Structures are given as C-alpha cells and as structure tokens.
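Residue numbers (this note's numbering), protein chains in the order written: chain G, 1 to 402; chain V, 1 to 402.
Hint data in this document are derived by calculation from the structure and do not stem from the laboratory. Please read these numbers as outputs of a predicted model, since none were measured by experiment. You may find that some hints are simply not true.
No copy is singled out in the list; a pair is fine if it fits within one copy or between any two copies.
[Stated by the list, open to error] Cross-link-like lysine to aspartate or glutamate pairs, in silico, DMTMM-like; alpha carbons within 25 Å at most:
1. 241 - 327
2. 20 - 49
3. 126 - 142
4. 114 - 142
5. 364 - 182
6. 278 - 167
7. 129 - 63
8. 110 - 49
9. 209 - 227
10. 364 - 63
11. 364 - 331
12. 106 - 217
13. 20 - 176
14. 114 - 194
15. 190 - 285
Number of protein chains: 2
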Amino acid sequence: MARIVQKYGGTSVGDVERIKNVAQRIKAFRAEGHELVVVVSARSGVTNELIARAQALCANPSEREMDQLLAVGEQETIALTAMALHGVGVDAVSYTGAQAGIFTDKVHTKAKIKTINAAPVIADLKAGKVVIVAGFQGINEEGQVTTLGRGGSDLTAIALAAAVQADKCEIYTDVDGVYTADPRVVKNAKKLDEISYDEMLELASLGSKVMQTRSVEFAAKYNVVFEVRSSFNTNPGTIVKQEVAYMEKVVVRGVAVDKDQAKVVVSNIADKPGTAAKVFRALADANINVDMIVQNIGRGGLANLTFTVPLTEKAKAQLTLAPVLKEVGGDVAVDEGIAKLSVVGVGMRTHSGVAATLFDALAKAGINLELISTSEIKISVVIAKDKADEAARVAHAAFGLG
Amino acid sequence: MARIVQKYGGTSVGDVERIKNVAQRIKAFRAEGHELVVVVSARSGVTNELIARAQALCANPSEREMDQLLAVGEQETIALTAMALHGVGVDAVSYTGAQAGIFTDKVHTKAKIKTINAAPVIADLKAGKVVIVAGFQGINEEGQVTTLGRGGSDLTAIALAAAVQADKCEIYTDVDGVYTADPRVVKNAKKLDEISYDEMLELASLGSKVMQTRSVEFAAKYNVVFEVRSSFNTNPGTIVKQEVAYMEKVVVRGVAVDKDQAKVVVSNIADKPGTAAKVFRALADANINVDMIVQNIGRGGLANLTFTVPLTEKAKAQLTLAPVLKEVGGDVAVDEGIAKLSVVGVGMRTHSGVAATLFDALAKAGINLELISTSEIKISVVIAKDKADEAARVAHAAFGLG
Numbered sequence: 001m002a003r004i005v006q007k008y009g010g011t012s013v014g015d016v017e018r019i020k021n022v023a024q025r026i027k028a029f030r031a032e033g034h035e036l037v038v039v040v041s042a043r044s045g046v047t048n049e050l051i052a053r054a055q056a057l058c059a060n061p062s063e064r065e066m067d068q069l070l071a072v073g074e075q076e077t078i079a080l081t082a083m084a085l086h087g088v089g090v091d092a093v094s095y096t097g098a099q100a101g102i103f104t105d106k107v108h109t110k111a112k113i114k115t116i117n118a119a120p121v122i123a124d125l126k127a128g129k130v131v132i133v134a135g136f137q138g139i140n141e142e143g144q145v146t147t148l149g150r151g152g153s154d155l156t157a158i159a160l161a162a163a164v165q166a167d168k169c170e171i172y173t174d175v176d177g178v179y180t181a182d183p184r185v186v187k188n189a190k191k192l193d194e195i196s197y198d199e200m201l202e203l204a205s206l207g208s209k210v211m212q213t214r215s216v217e218f219a220a221k222y223n224v225v226f227e228v229r230s231s232f233n234t235n236p237g238t239i240v241k242q243e244v245a246y247m248e249k250v251v252v253r254g255v256a257v258d259k260d261q262a263k264v265v266v267s268n269i270a271d272k273p274g275t276a277a278k279v280f281r282a283l284a285d286a287n288i289n290v291d292m293i294v295q296n297i298g299r300g301g302l303a304n305l306t307f308t309v310p311l312t313e314k315a316k317a318q319l320t321l322a323p324v325l326k327e328v329g330g331d332v333a334v335d336e337g338i339a340k341l342s343v344v345g346v347g348m349r350t351h352s353g354v355a356a357t358l359f360d361a362l363a364k365a366g367i368n369l370e371l372i373s374t375s376e377i378k379i380s381v382v383i384a385k386d387k388a389d390e391a392a393r394v395a396h397a398a399f400g401l402g
Numbered sequence: 001m002a003r004i005v006q007k008y009g010g011t012s013v014g015d016v017e018r019i020k021n022v023a024q025r026i027k028a029f030r031a032e033g034h035e036l037v038v039v040v041s042a043r044s045g046v047t048n049e050l051i052a053r054a055q056a057l058c059a060n061p062s063e064r065e066m067d068q069l070l071a072v073g074e075q076e077t078i079a080l081t082a083m084a085l086h087g088v089g090v091d092a093v094s095y096t097g098a099q100a101g102i103f104t105d106k107v108h109t110k111a112k113i114k115t116i117n118a119a120p121v122i123a124d125l126k127a128g129k130v131v132i133v134a135g136f137q138g139i140n141e142e143g144q145v146t147t148l149g150r151g152g153s154d155l156t157a158i159a160l161a162a163a164v165q166a167d168k169c170e171i172y173t174d175v176d177g178v179y180t181a182d183p184r185v186v187k188n189a190k191k192l193d194e195i196s197y198d199e200m201l202e203l204a205s206l207g208s209k210v211m212q213t214r215s216v217e218f219a220a221k222y223n224v225v226f227e228v229r230s231s232f233n234t235n236p237g238t239i240v241k242q243e244v245a246y247m248e249k250v251v252v253r254g255v256a257v258d259k260d261q262a263k264v265v266v267s268n269i270a271d272k273p274g275t276a277a278k279v280f281r282a283l284a285d286a287n288i289n290v291d292m293i294v295q296n297i298g299r300g301g302l303a304n305l306t307f308t309v310p311l312t313e314k315a316k317a318q319l320t321l322a323p324v325l326k327e328v329g330g331d332v333a334v335d336e337g338i339a340k341l342s343v344v345g346v347g348m349r350t351h352s353g354v355a356a357t358l359f360d361a362l363a364k365a366g367i368n369l370e371l372i373s374t375s376e377i378k379i380s381v382v383i384a385k386d387k388a389d390e391a392a393r394v395a396h397a398a399f400g401l402g
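Build the full structure now, drawing on both the sequences and the hints.
Encoded structure:
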C-alpha cells in the first residue's frame, strides 16, 4: 500500500480505446490497495489542432487566450479518464489545475508553479477515490488559467508528488525508460535501471527527449524519486533519484545525440573587452539559448566566436546579431549540417581518460570534431550531422555500454 | 452608444471562417461605440463528439464529469473568438463561466443560476474591452464546473444582460427571427417584428425551436428585452418583450407544430378517487413531461386517461406505467403517429371565436381532432402526424397570417 502519482502522456490517452487501457491499469493498481493520483495530458494531436485554429485567427495570438484555449485539452482528458474508471467500477474524480490548487505566477504559456494546495486532493484520496488531475495547467492569483510550457504535465506530476508526499511518482510514456543511447540508432543500447538526477538532466537537455529539463530539476530540488516507464507494457522502467548505486567501473551512463542544433560562427570581430559580451547580451535579451561557446583569436588581432543554438532559433539569432555586428564589425555564418554528441556519467567526476577514449574512438572512425565542451559529468562534441548516428554507435561501443 | 449583450450559437461559430465572420460583426458594433458582452456556444458538433466519447467509456457517465467535459466546448470558443478579435484589432478578453462569476446551484447538467458577480466583466467593459463569455456553464460553491442544460447559452446571455444592466440583448442564431409558422412548411409565413414573452413562451414550448422556455421565462422575470436575429445577415429580427403594440385585429400571432410527441391512452381503469393521481404521480416521479391530459368515462364505470409525452420519453413512460397498472388495473397504448398543432396569441384573451375558426378550418380540410386543450393565449390540438403540415398551412391561412 503506497501513495502513487502516475502521469500518462498524450499518446497513452490518445483515443477512447487507449483511455480504457489506462483505466484498466489504474484499476489493477487500486486492487493492490494503493492510493492514486493520476495526471493526464491532452490526447495526442489535440493541442496541435487547437494551435492551428488559433493561428488561423490571429498571427500572434495573445498568450493569456492561448492558455485559456490549450487548457481545454487536458480538461477533456481528465473527465474522460474519470468516466472510463467509473465504467470499470473504480471510484474517481477529476480535477482541473485550478481545482487541484495548482497556483502559478502570471507568466502565461510558461508559468512557474508557486504553491499547491493539495488538501482537497488528499481528502479525496483518503475517501478512496482515484484523483485525476489535468497536467500542464494551473491558475494564477487573478483566477486566470495558465499553462506550464513544454513538458508541463511531467512537472505537474512531480510537483503533486511532492505536495501529497507520494511514495512514488511514475511517468508513463511511449518508451520503456532511459537508454544508454537511442535504440533506433544503436541496436544494442540498454535500458538503465537507475540514473541520477544529474545524469538525467544532462541526457534530457542533450536530446534524449524523454523528459524536459525543468521537471527533472524540480524533482531534484524536492528530492522526488520518479520512474520513467511505458504505458503499453508492464516492464519496469528507469528510476531517477539522487544517489545511484553504481558498480565502480561504470563511468559513462549514456550517449545522447542532438541533431536539432545549428552552429553559428561570428568571425573577424574586434578582440577587445566587451565585444563578446555585446554579442551574448543581445542573444540573451532575445531569449535565445546559446551553448558550447568557443572563442579564438584569428589573424590581425580579430576574434572568432563559435557557438550552437537550437535549429528553431537560427533565423531569430541571425536577425538579432545583424545590428550588433553593424556596431562591432564582423561577419556571421550559420551551419545547419551539424549535430551534438554527448557522453554523460557521474562516474566521470572521479575517472580520467573519458575524453581521450571518446576522441580516440571518433578519430579512428574518421569523424572530425568541430567544437568540444566539457562539464564535470559530460563531454559534448559537435560533429557533422551525417556522421552523428555512426558516432553514437562508436561512442556507445567505446564505453562498453552495449 | 449602448451596452449590448450578444449571443452567438454553435452554428455561428462552427469553424474558423465563421468565427472570423463573427469577429467582423463585433468589430462593426464596437466601431459604433457600443460596449459589448459576447456569449458564445461550443462549435456546432463539438458537444456531440464529446458526448459520444463519454458514452464509449461509460454506459451512464457521471453528471459531474459530464459537466467537466462539456464545458471545454465553450472554453475553446471563447479563446478563439477573443483571438479572432485581436486579429482584427479589437481589444477583447475571454471569460469562462466561473471567471464571469456565474454561480449556480449544485445540480449538474441542468444547474440553475443563483447569482452573477458581474463586477470584473463590467470593469473590462469600462476599460474598452469586448468581453467574451462562455455560454452554458457556471460554477457552484464548491468550485465544481456546472452546465445549465439545453439552451443554456441563451440563458447565460439573458442572465448576463440583467446582471450588467444591458440596454439590449441580441440572440444570434441561424434563423431570421420568430415566424408566424415554420417557413419550410408554410411558404407565406411572415417574420414577426415583435412578440410578447407569453407568446414566445407558448411558441418555444410548442416546437418552434428558436429558444428554450426557461430562457424566455428568465427574461420575463427580469424584464430583459431581447432580439432573436440571424448571424448570417444584418436583417432586423424579432424583439421579445413584455408589452407589444398590436393592431387591434391581430388575435393569433403564430402557428406551431410539434411532431416529437406521442399520445398515451390508459384505458379501462377504475373510476375512483386517486386512480388518476397514482398514474400522474408515477410519471412525475420519473420526470416525464405530460401534456394535454383528457379523462373520460367509458362503459361500465371504467375511465380512460389520454395524454401526450415527448417521443423521447415514450419507452420510459411505458416502463413507469406498467407497475401502476398492475395495481389499479387497465391497459396502456401508445400512438406515435400524432402531432400537436397550436395557435398562439395574447389577443385571444379578449377575442372569442378563435377555437371555432380553427376547428372549422381543420374540419373543412378533413383533419380530425384527437385531443384539444386550451389556455388563455393558446389552443392546441392533437392530429395525425401525416396531416400536420397541411394543418399548419390551413390554420395559418384561416387567421390571415400570410
């Protein structure tokens, strides 16, 4: 008997049949005597349909109205899921974000959770009901509907797990867990039984796509242990927590590839104090996420700045840089034909030679490194996009992850 | 410059193009300097889709969850309508029923409005915003979403018109107004410029289908003058109000036909006190709407009871009557092949001979009367369903309504 928060994503509740399937799973958990809070996303596709309608009506829809609009996706799913449970004889009640007491700040479309008043949810749990909560949404002090941004439903689940002091939090998705590499690319990739928050954070931010960074950060902050697992089978997934009992020799935990990056080279700018700051201040003001910055000095005392940006922000980055370069001089070139490969593992903190092993393996495969950046538990390199899959396989093998 | 509440039904906001059309209409009203509260329904078809999903999940869905589910239809439309207004440069803000302060009792799926806290709506009107409110929905004291039942969006509009002390309330629909008869049946039916609440009530309850009875009753109670008009053209519609300036000779205002009725005959029951009461108490307890009751005494001191019920409640009525008839004796027969024809007009209060004119005209057309019932401003007869259209044309002509 435990108190469990479960989160089912849009694919898991994509249609009536899948919702019935989720209801059967929940029924089985209830039969074991567990108290259950179930967080659901909008049915897959619904959010995109709503956005398409919004954009057909207004080139730049108001963020407040966008939240009012998108919240309906999850509100539909909670009611349908509650009904599906009633249909199989399980007592259940649905809660919108507002009803679940999820209070956020006023920043529409990417609100932050401020507090959760979980008393009504806990009361219904104690009364023997399964509580179904709309993911992704909350309410601000003024009674306006807010949404939490991408990956918001995971965040709802983890925040609720903290608020109701759950014993477990289970994130159901369409993958079996976190793998040592993308199984579609690296055939012998293995599912990890456990992973630390830090490693998960690096993997999430590096394109493993299982979860958004902020949900993992939130879990780490409130020490919420969660499990990523599939809603389509009953296999155990990957448990994400603070401390992981490693075997000594496990240094690298996984290999991640991110193909949705572009490399930006700002060349021939004056090498004097403040120039680089001007470039990155402008990008920051435009909310562009910059990564893997390298500066070097070229001929004639002119400097080159190289960095990566998400592919989706490529055009915005160029627009933003144009006026800055008019002021400080220099040229800008963007290369979309790149990918970022990273190897991650907390064991790297105490083991040397990881970088050497990686560079060596890639060199032997004839793969050139364009940029390198390292942290305590991660080494990332930028390589040609068409070599990315091969590089993942090479690195995976080099660290014996298969 | 006036404060106007407008209501657009599901057909008027059925898709993105129609929502744009509504936005253009609203923009034109704003350009005239009016303050506008706009109540919208769910896009046509959406509510039925949601109900279909609910029923696929649960044979008898919980009414609380049904309200939680159905409220999303209008919440989508308010956000889209606000965005469409932004798209044409009109300041607008959307309100769910809860945000608009529409507090109801706890009766899910057919809640009654208790109070409206219109202060936020009025503040936004004064700030120059068009306020878009979700029809059909409210919130109860416990923070649970409720819906107002059929025709609920009209009710929202009329109740808001009272709460914000609007100068006008306009109900936009897919018909031009209230006609002297159904124009699809009676070719020379005319649109009425004005009609009284009482007449509208009789016409609404008698199958003219323009509006539900309770919205008209609410308007009468709070003396809200409203206009029924088309959202597809700019023709003036029909104004519904307390007193209508009639020309003296206008006695009958309209002819309505209701084909969705069944005639129930309970025969050979004991003619003693309490028998009829038992029959109608059972039907009332089952929430079956009974109309046009006639009792007569047959041979051997046995009585016959004849009445009409909505076609949708035919099976329920038979089920309900079975145990009663076991107790008091008697047989039951149901006839679906009937229709109810009614002529309505407040002028009937002071004019005699209306019944005679109607019966005479129908007799000349060879149309037999199975039941007759009269009120101060209405005469209804039950006739064969296959004669209903002809009867409408005959009655329409007999009272010179063309």
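Results for each hint:
Proximity of residue 241 and residue 327 under a CA criterion of 25 Å is satisfied in neither setting, with 48 Å inside one chain copy and 70 Å between copies. Taking the shortest alpha-carbon separations for residue 20 and residue 49, both the intra-copy value of 23 Å and the inter-copy value of 17 Å come in at or below 25 Å. Taking the shortest Cα distances, residue 126 and residue 142 sit within 25 Å of each other only across copies (18 Å), while inside one copy they are farther apart (30 Å). Both within a single protomer and between protomers do residue 114 and residue 142 lie at most 25 Å apart by alpha-carbon distance, with minima of 14 Å and 22 Å respectively.
Within a single copy, residue 364 and residue 182 get their C-alpha atoms as close as 22 Å, which meets the 25 Å cut-off; across copies the closest is 85 Å, which misses it. In this homomeric assembly, residue 278 and residue 167 never come within 25 Å of each other (Cα to Cα): the closest approach is 48 Å inside a single copy and 58 Å across copies. Proximity of residue 129 to residue 63 under the C-alpha cut-off of 25 Å is restricted to the inter-copy arrangement: shortest distance 16 Å between copies versus 35 Å within a copy. Taking CA atoms no more than 25 Å apart as the test, residue 110 paired with residue 49 passes inside one copy only; the shortest distance there is 19 Å, against 30 Å between copies.
In the homo-oligomer, the alpha carbons of residue 209 and residue 227 lie at most 25 Å apart inside one protomer (15 Å), although the nearest pairing across protomers, at 55 Å, exceeds that limit. Proximity of residue 364 and residue 63 under a CA criterion of 25 Å is satisfied in neither setting, with 50 Å inside one chain copy and 67 Å between copies. Taking identical chains as interchangeable, the C-alpha atoms of residue 364 and residue 331 are never at most 25 Å apart, the minima being 34 Å within one chain and 95 Å between chains. For a Cα distance limit of 25 Å, the shortest separation of residue 106 from residue 217 inside one copy, 21 Å, qualifies, whereas the shortest one across copies, 41 Å, does not.
With identical chains, the CA atoms of residue 20 and residue 176 are at most 25 Å apart within one copy only, with a shortest distance of 20 Å there and 45 Å across copies. Proximity of residue 114 and residue 194 under a CA criterion of 25 Å is satisfied in neither setting, with 29 Å inside one chain copy and 55 Å between copies. Within a single copy, residue 190 and residue 285 get their C-alpha atoms no closer than 41 Å, and across copies no closer than 64 Å, so neither meets the 25 Å cut-off.
Hint check: violations occur at hints 1, 6, 10, 11, 14, 15; the rest are consistent with the structure.
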